[in-house]
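So the protein sequences, as listed, match chains A and B. Heads up: take any position in the first sequence, counting from 1, add 625, and you land on our numbering. Heads up: take any position in the second sequence, counting from 1, add 625, and you land on our numbering.
Just so you know, these hints were derived from the structure itself, not from any lab. Warning: the hint list may mix true and false statements.
Any copy, or any two copies together, can satisfy a pair, since identical chains are not distinguished.
[To be verified] In the DSSO-like style, the derived pairs of lysine-lysine whose C-alpha atoms are separated by at most 27 Å in a straight line are:
{"no.": "1", "residue 1": "Lys775", "residue 2": "Lys695"}
{"no.": "2", "residue 1": "Lys720", "residue 2": "Lys775"}
{"no.": "3", "residue 1": "Lys694", "residue 2": "Lys775"}
{"no.": "4", "residue 1": "Lys837", "residue 2": "Lys807"}
{"no.": "5", "residue 1": "Lys1110", "residue 2": "Lys1080"}
{"no.": "6", "residue 1": "Lys907", "residue 2": "Lys807"}
{"no.": "7", "residue 1": "Lys694", "residue 2": "Lys1110"}
{"no.": "8", "residue 1": "Lys962", "residue 2": "Lys907"}
{"no.": "9", "residue 1": "Lys694", "residue 2": "Lys962"}
{"no.": "10", "residue 1": "Lys1080", "residue 2": "Lys1116"}
{"no.": "11", "residue 1": "Lys962", "residue 2": "Lys683"}
{"no.": "12", "residue 1": "Lys1157", "residue 2": "Lys695"}
Given next are the chains, with one letter for each unit.
Number of protein chains: 2
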Amino acid sequence: MTSINPDNYKLSDKTANLTAHEIFPFSETAQPETREFLQKVIDILLDYVNACNDRNEKILDFHHPEEMKKLLDLEISENPAPLQQLIVDCATTLKYQVKTGHPHFFNQLSCGLDIVSMAGEWLTATANTNMFTYEIAPVFILMENVVLSKMRQIIGYDGGDSILAPGGSISNLYAFLAARHKMFPGYKEHGPRGLPGDLCMFTSDQCHYSVKSCSSVCGLGTENCVMVPSDESGKMIPSELERLILERKARGQIPFFVNATAGTTVLGAFDPLHEIADICQKYNCWFHVDAAWGGGLLLSKKYRNPRMSGIERSDSVTWNPHKLMGALLQCSSIHFKEDTQQDVTCQMKLPTVALTVKKENERERKLKNKIEIFFQGLLLSCNQMSAEYLFMTDKLYDIGYDTGDKVIQCGRHNDIFKLWLQWRAEGDAGFEARMDRLMELTAYEVKRIKEQSDKFYLIMEPECVNVSFWYIPRRLRGSPHTPAKVVELAKICPIIKARMMQSGTLMVGYQPDDRRPNFFRSIISSAAVTEKDVDFMLNEIDRLGQDL
Amino acid sequence: MTSINPDNYKLSDKTANLTAHEIFPFSETAQPETREFLQKVIDILLDYVNACNDRNEKILDFHHPEEMKKLLDLEISENPAPLQQLIVDCATTLKYQVKTGHPHFFNQLSCGLDIVSMAGEWLTATANTNMFTYEIAPVFILMENVVLSKMRQIIGYDGGDSILAPGGSISNLYAFLAARHKMFPGYKEHGPRGLPGDLCMFTSDQCHYSVKSCSSVCGLGTENCVMVPSDESGKMIPSELERLILERKARGQIPFFVNATAGTTVLGAFDPLHEIADICQKYNCWFHVDAAWGGGLLLSKKYRNPRMSGIERSDSVTWNPHKLMGALLQCSSIHFKEDTQQDVTCQMKLPTVALTVKKENERERKLKNKIEIFFQGLLLSCNQMSAEYLFMTDKLYDIGYDTGDKVIQCGRHNDIFKLWLQWRAEGDAGFEARMDRLMELTAYEVKRIKEQSDKFYLIMEPECVNVSFWYIPRRLRGSPHTPAKVVELAKICPIIKARMMQSGTLMVGYQPDDRRPNFFRSIISSAAVTEKDVDFMLNEIDRLGQDL
């Protein structure tokens, strides 16, 4: 047992009663006290890392929100809290936090606690910079170029452009915006006016909800986000896609964007990319692949195909390293086949147009035209607002390295360092082995479920690390698998989940889908998991549920 | 001198050659080696913290991108890098990083390196969770409630709702989306169809560019984002706002959203909120205040008014603690006057509708109606997509605490802990003193500029910590301040900036604006800055520029 005990972390008497305004950066001379405080925080974090890797530790100490409020002292008072109180606060917070890195946490697509990625995120915090310009993030901007270019090569793009975004939902939004801008360049300025019909987009009924959210955010309206039926295994049915495109066209609408999912959230299904690519080509639609979840398998020669065969034909790909690859949250990327910054390596400078005083519109237009002609890039042309206070053209260095005007954020968190460091640490071979290992463990889980078919019902053979199953309590064993029985099995899921959380021993998710009521979905995406943890999961569900 | 030397950080022979797959979480038994590796990273970070607080240190070691690529080894190879290489990589990265926390960094709105906030961000990384459900982020969700509710009280809202977003641009986007949904509830589903005219929005020509970006992202078209002229000091002219609203109405358009800026990016100007509120009331427009930059001054009794008098009349406010308040990037918040989750404290549970198998549309509609009726909330109603795998209604705990369906992200980074911990550390009194101190230092800078009026030209009296000025090199001293002279002064800015970066001694920004060519804009938002640093800034500019 290595549980975090807030009483265990004592600062020296001298430091304990100082306040934040008495250490760095307020006090120049407080180097020893600053270091002592930070080292004590690190002692807590290192103990927490141990706890996350200790199978005897609970995953969580569950309390309902109202109880939790009584256990914690969260209030902020008029006066500063001394440093010792902050140390206690840190320890208490981790005492009640859910250990998402614990080997018995199978609950979420993003889980695990990768040590190198974590070290990277610590450094990121300390570097505390913004990714919008080379001026203040030189090394990180270059790392972003190296890693994103590598990811595009892995996808199968020759050239292209990419950006890191705060999560897969925003990445999908970027794809949508780029598609709309590419196909309807006047939309940025004029909106839908002048178009002969409503734009519409297509995605499977198994897609991530952020795709539908795009249609709402971007003003299309969710009714213009067409949900294409999927088959039994959760894959989009291409003939249905074509039928629905034709149906919408017949109504006078303009199909322009198709989202295929490579690794659906619940079932882990892969849409048939080649067939969807053919349809996109035929009907002149932008072809986006949401591989936020499945993307990691691109790194595996064994598992990449046939799952993602055809991804190289897409126009854009979302791929979240914070999922299968185990990078810390947040780390999401969006990749485009089309070049944005063709001249990024060119040291040539723009004329210093910003030096002359003119009316805003005239200057802005002139500057924008110059930049657009210079770069002729999609992402920049789509999202740039040419803020002159940030993206001046008369800077010391080649402004082709500034990324800020390509994105819809201004401040942008540094999400690259942790990924770059982790990739250095793994090497391509290490990442491949990691992906293969997750799939092997998944196969082991499936095998164990099948071997215990009295207690567990496997819903389908998984293509990814999502395993969908029901637990069969003692009273229901041996009877035929009827719809009535399924209703009973479904009722059991939330009860077992509640017991898991209350006992603190295990976390596995459940949910209904379009074809069936509640079922368990376990996820193996943490590098901490081993065969014995898979066995523990199944045994523990059985222990918690056999009386139901 | 405390420069980071990558050769100084040696792991023991035993640990140095291990790879990432030989420590936690891959190897259960590698606790000592894991700890040694992490502690060595921390040694580097603690040295970097010292370097940031050492006035004898350079801020940066500038190299052009192509040179920098030669200095760094950024490539990722087939094989894993040993742990010692990763340690060298961390140190090298910081060696070439710009010290945004250095007392001589006056370059960006977000700068400084707050020690408590940094400690908070380290813990956040280690907790590595997602803010979408209470299930996996119980303590952090409760902290978010406490802090955001406090922030709304400070704004002057009674009740209301808030969310943390990845940066001010996305916060402004949330305000826009909520406004559109509130005023045109059918838009989410149907888009603009059926509306009698184009929607249009208003903001000053000094606003942050993300406001205009909203109009592009959300499909209005940038031509429907009307730029209202500002006066000499950078404040929106209310009579111009009214004139433009009437003009657009006369064209058959529908004005619905007005953005006022509380602290503009370049000049630090505050729009007249009461007068804008009156106009919004008169023409039934949503009144949003972008206080991303100026928001921190809400904490100061001395400086809050008159700058932000009237903010309590707004419908929504963007406020970035990662700016004046010194929280680490990213930490941005958006606040709404209207309640979202009226019943958040109610422990009542929804009926478990998700248990029955029905066709998707029917079930989805039913579930959505129930949730909407239950919560009757704006943010939820605006953004929810009711993903059943995540936001099930048959959970163990009160799902009113889950935030995931209120936001357009799915995965959401934990941005609250660092802010909560910092506010605990400061107390209300400490934060107020901090704000007052930044303003005092700004007044000191203005005084010193005026005392050296031969060398510096103050462009205007600042309202915030932005100070706008020109440096006057020797050859131009004493001559009248004519437009021709201004053109000369403007040409000097990029040259001095380039010299600053090359000497590595100072970072101050420059830019043109609508009324004038390039000028310097210094920012005092770092708690590290003292009067002697302000003097250093002015002296160093003089040293670098007097021969020009």
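Hints and how they fare:
no.	hint	in the structure
1	Lys775 with Lys695	between (49 Å within a copy, 18 Å between copies)
2	Lys720 with Lys775	between (39 Å within a copy, 25 Å between copies)
3	Lys694 with Lys775	between (46 Å within a copy, 16 Å between copies)
4	Lys837 with Lys807	both (20 Å within a copy, 19 Å between copies)
5	Lys1110 with Lys1080	within (13 Å within a copy, 86 Å between copies)
6	Lys907 with Lys807	within (17 Å within a copy, 39 Å between copies)
7	Lys694 with Lys1110	neither (40 Å within a copy, 63 Å between copies)
8	Lys962 with Lys907	within (18 Å within a copy, 49 Å between copies)
9	Lys694 with Lys962	between (49 Å within a copy, 24 Å between copies)
10	Lys1080 with Lys1116	within (16 Å within a copy, 78 Å between copies)
11	Lys962 with Lys683	neither (46 Å within a copy, 40 Å between copies)
12	Lys1157 with Lys695	neither (37 Å within a copy, 47 Å between copies)
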